Amino acid sequence: MPGRPAVFLDRDGTLNLQVVREGKPYPPATVEEFRLFEGVPEACRALKAAGYVLVVATNQPDVGRGQQQQAVVEAQHAKLQAWVPEIARIEVCYDPGRGEVSRRRKPEPGMVLDAAEALGIDLARSWMVGDRWRDIDCGQRAGLRTVFIDFHYEEALEAKPDVTVASFKEAAAAILAAGSVQP
Numbered sequence: 212m213p214g215r216p217a218v219f220l221d222r223d224g225t226l227n228l229q230v231v232r233e234g235k236p237y238p239p240a241t242v243e244e245f246r247l248f249e250g251v252p253e254a255c256r257a258l259k260a261a262g263y264v265l266v267v268a269t270n271q272p273d274v275g276r277g278q279q280q281q282a283v284v285e286a287q288h289a290k291l292q293a294w295v296p297e298i299a300r301i302e303v304c305y306d307p308g309r310g311e312v313s314r315r316r317k318p319e320p321g322m323v324l325d326a327a328e329a330l331g332i333d334l335a336r337s338w339m340v341g342d343r344w345r346d347i348d349c350g351q352r353a354g355l356r357t358v359f360i361d362f363h364y365e366e367a368l369e370a371k372p373d374v375t376v377a378s379f380k381e382a383a384a385a386i387l388a389a390g391s392v393q394p
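If you count by the working numbering, then the sequence shown holds residues 212 to 394, one letter each, in order.
In case anyone wonders, no lab produced these hints; they're calculated from the structure. Just so you know, not all the hints are guaranteed correct.
Claimed, not checked - Now the in silico label distances, taken between C-beta atoms and shown as ranges: (1) A335 / Q280: 22 to 32 Å; (2) E233 / P213: 11 to 21 Å; (3) Y237 / A282: 16 to 26 Å; (4) G262 / A377: 23 to 33 Å; (5) L330 / G308: 34 to 44 Å.
As the list claims (entries may be wrong) - Subject to a maximum C-alpha distance of 25 Å in a straight line, what follows is the list of computed PhoX-like cross-link-like pairs (lysine-lysine): (6) K235 / K371; (7) K380 / K290; (8) K259 / K380; (9) K259 / K290; (10) K380 / K235.
Please read these numbers as outputs of a predicted model, since none were measured by experiment. All C-beta atoms, glycine included, are put in the ideal place defined by N, C-alpha and C.
Build the full structure now, drawing on both the sequences and the hints.
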């Protein structure tokens with residue numbers, strides 16, 4: 212029996228507002244600064260109602276670099292799950308990205324593969340949504356279709372996404388328009 216389809220979601224710049232400085236996106240520094248984009252809860256409800264399992268896969272390297280407290284990130288995630296209870300799981304990589312490459316740090320697909328195994332997800336029927344090249348590369352390495360939210364950052368994509376949109380609401384609409392989640 213095939214597994215369930217999922218939508219893997221980046222966090223910063225996908226679900227919640229990012230902080231952009233000098234053309235580069237950064238996560239919010241405090242729990243108070245953590246705010247969702249308009250329409251995120253409704254779009255997530257629509258995806259779940261269509262049969263998708265929702266999983267957040269987020270790099271939070273500032274914790275590994277000592278620039279952010281893990282407790283703040285966990286409090287932000289508690290806030291996210293309160294606002295969007297449709298999220299089944301949050302996978303986090305705190306690796307700072309120095310030295311040896313972590314299998315869980317995007318663009319590597321470890322967080323996606325771990326969640327897929329734990330939740331019985333069919334990767335061939337699943338999607339990855341994100342706003343950075345790492346998200347798109349991660350999704351493709353895991354065998355997912357990809358949706359890129361384009362904020363025109365000063366960084367280039369390395370791989371071509373399946374779909375490019377301007378917001379999470381548009382990303383959810385594109386996934387829903389792509390058809391049934393049935394096997």
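Against the structure, the hints come out as follows:
1. A335 / Q280: 22 to 32 Å: The hinted range 22 to 32 Å is violated for A335 and Q280, with Cβ atoms some 38 Å apart.
2. E233 / P213: 11 to 21 Å: violated, 45 Å
3. Y237 / A282: 16 to 26 Å: Given range 16 to 26 Å: holds, Cβ gap about 19 Å.
4. G262 / A377: 23 to 33 Å: holds, 25 Å
5. L330 / G308: 34 to 44 Å: violated, 26 Å
6. K235 / K371: holds, 20 Å
7. K380 / K290: holds, 20 Å
8. K259 / K380: holds, 14 Å
9. K259 / K290: Given pair K259, K290 holds - Cα atoms ~19 Å apart, limit 25 Å.
10. K380 / K235: holds, 22 Å
Hints 1, 2 and 5 from the earlier list are contradicted by this structure; the remaining hints agree with it.
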